[in-house]
Amino acid sequence: DGGITQSPKYLFRKEGQNVTLSCEQNLNHDAMYWYRQDPGQGLRLIYYSQIVNDFQKGDIAEGYSVSREKKESFPLTVTSAQKNPTAFYLCASRLKPNTGELFFGEGSRLTVL
Amino acid sequence: GESVGLHLPTLSVQEGDNSIINCAYSNSASDYFIWYKQESGKGPQFIIDIRSNMDKRQGQRVTVLLNKTVKHLSLQIAATQPGDSAVYFCAENSQGAQKLVFGQGTRLTINP
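Protein sequences, first through last, are from chains A and U.
Mapping of the first sequence onto the working numbering: position 1 corresponds to residue 205, and the numbering continues sequentially without gaps.
Mapping of the second sequence onto the working numbering: position 91 corresponds to residue 124, and the numbering continues sequentially without gaps.
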C-alpha cells in the first residue's frame, strides 16, 4: 500500500546530540513537509521541499536541517542548536506543492533527556 | 499575516448528538480548506475538503460549511460516536501558496 513511513516512532537522545528522523513516501508526491507539534498545540512548519534537491525554511527552521536527494525521502536532522527539541514530529507529502491535501505519516516522538 | 484559528480549544458532546467545530481564518486569498482528525499519538487524517467556489460539502456523517463573507469554516459531525474523539484541525491554502496553514485544533470529547 502507498503511504508515508516515519522512523523511529520513539527516540530518546541526550542533550547536545544531533538526531535524524527518517521520512519515506511511495506516493510519487513532489512536495514533502516537516511539522513540529507540541502538547496542546497545532502544527508548525519546519521545512518543506517542492522538488528533489530543493527545500525551503518554514516558520521554525532554526536548529533543524533537511535534505532531499531522492524524491521519496526527506530526512530531518534535529541539531544541538535546537533549544527545545522534545516534541512530536510529523512528516507529510502532497502530489503537487501548491494544491491538494497533505498525507501525513504516523509521527516520531523525540525526547531529549 | 496569515492565521487560522479555532474558536474553542475543547468541545464535549453527548454520544449521538451532532458536533459543530468552528474555525476562523484571516487570509481572504485562501481558496482551499481542509479538515483533519488527529487521534492521540497518530498523524492527522484527512476528513473533508472544500474549495472557495463552494459553501457546503458533505461526506459520510460530516459536512463542511464555508462562509467567505466572515471568513469562517465549520465541521459538522452527525450522530457523534466514541470513535470521533480526537483533535480536529482546520487548514487553509491560498492560491499558489506552497504550504497549508493550520489552526490550533479543537479536542472533541464524547460523553456516554
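Just so you know, these hints were derived from the structure itself, not from any lab.
Among the clues, some could well be false.
Within a straight-line C-alpha distance of at most 20 Å, the following computed EDC-like cross-link-like pairs (lysine to aspartate or glutamate) qualify [unchecked claim]:
no., chain 1, residue 1, chain 2, residue 2
1, A, 287, A, 266
2, A, 300, U, 88
3, U, 89, A, 305
4, A, 213, U, 72
5, U, 75, A, 310
6, A, 213, A, 228
7, A, 300, A, 273
8, U, 75, A, 234
9, U, 89, U, 72
10, A, 300, U, 117
11, A, 287, A, 263
12, U, 101, U, 117
13, U, 75, A, 305
14, A, 213, A, 276
15, A, 274, A, 258
16, U, 104, U, 88
17, A, 218, A, 228
18, A, 287, A, 242
19, A, 275, A, 305
20, U, 75, U, 117
21, A, 275, A, 228
22, A, 275, A, 242
23, A, 213, A, 242
24, U, 75, A, 242
Only a predicted model underlies this, so the values are computations on that prediction, with no experimental measurement involved.
Which constraints among the numbered hints does this structure fail? Numbers only, ascending. 2, 8, 9, 10, 12, 17, 22
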